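A.B. asks: If you want the building blocks of each chain, they are given just below.
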Amino acid sequence: MEPKISLAPEILFHIGHFPVSNAFLTMILVVIFLIVFMISIRLRFKLVPNRIQAIVELLIEKGLELATSIMEDKKKARKVFPLVFTLFLFILLSNMIAILPLNALVIHNHHHNEDFPIFRVATSDYGMVLILTLIVVITVQLVAIISFGPFKYLGKFFNFKGFFPFFIGILELIGEFAKIISLSFRLFGNIFAGEVLMIVVLFLMPWILPIPFLFLAIFVGVIQAFVFSVLTLVFISSAMKMESH
Amino acid sequence: MEVEGLKYIAAALAIGLSSIGSGIGEGLIASKALEAIGRNPEAADKITPLIYITMALTESLAILSLVVSFIILFVF
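Going line by line, the protein sequences match chains H and E. Residues in the first sequence are numbered consecutively from 1, following my numbering. Residues in the second sequence are numbered consecutively from 1, following my numbering.
If you are wondering where the hints come from, they were derived from the structure by calculation, not from laboratory data. Bear in mind the structure is a predicted one, so any value in this text is a computation, not a measurement. Check before you lean on any hint, since a few could be wrong.
As the list claims (entries may be wrong) - Partner residues are not named here, just some residues of chain E that face chain H (Cβ under 10 Å, in silico):
{"#": "1", "residue": "Tyr8"}
{"#": "2", "residue": "Ser22"}
{"#": "3", "residue": "Leu28"}
{"#": "4", "residue": "Ala56"}
{"#": "5", "residue": "Ser60"}
{"#": "6", "residue": "Leu61"}
{"#": "7", "residue": "Ala62"}
{"#": "8", "residue": "Leu66"}
{"#": "9", "residue": "Val67"}
{"#": "10", "residue": "Leu73"}
By construction, the Cβ of each residue, glycine as well, lies at the ideal position given by its N, Cα and C atoms.
Working from the sequences, and respecting the hints, build out all of it.
C.D. replies: In structure tokens:
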């Protein structure tokens, strides 16, 4: 008997023509939990906060401080902050689901005669991570176009003033595409590798050995959520600035 | 040399060789950061988030080759 690991998430059922995979199911759970939690805090808003509200306020304050220190302007930081903090909370919560032993819930598929897990960490699906990355990259491009104007922004890449600036412009264009790959693969690779490691270790020795690997998986999950959001901030802030030679 | 055996060798080489550079890079980052904190202990609050960010960026190259090795193993 071998552990069954697959790169693509397994499809559980179809709603019309839309395939629902197990990573999609986990993502829906995370989103519903986040929405319900935040709405319940907003409805019980008190001037003297209780503990949960105090924790959330602390998180948001510290996050806004970090955003201000990277963007260097409080108004711009407040504009960007909702996107960045939502990304951070969503990725953090998705990675935390790895703590729960949901791999044990399997469903038996009669077509292929195999067992699929019902839940799988949402960020270990490359399609999900690619969509998040594309949201970030398209936002960065839009910010740059709005700040500079479309022709000036295109002039950064296709710069015909000499040989060297032209070459550097082409490199910057390739760099923009490389951002998509590096941002998405960083998150996907870390989380998927953590999942594969957990499956293999649980298959080999399920009693004491998984503990340090679980610590590693949680730690890496928190760090990767943090790095994704901070890199979003850095990209947006560098898109607003004028690059001067 | 069958294709199956070469597949496993390729997957192992992909991740093994790229961890060399990544490990050296992260060691350099940690040593410089700790040296800076040692010289100026009050700056530790500013340096600590930067340590995590730079380490994750350096590690991302090794993660890229990890994904390549996963693709070799599980798709081909």
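A.B. asks: Of the numbered hints stated previously, which ones are contradicted by the structure, given in increasing order?
C.D. replies: Going through the list in order, the structure violates hints 1, 2, 3 and respects the others.
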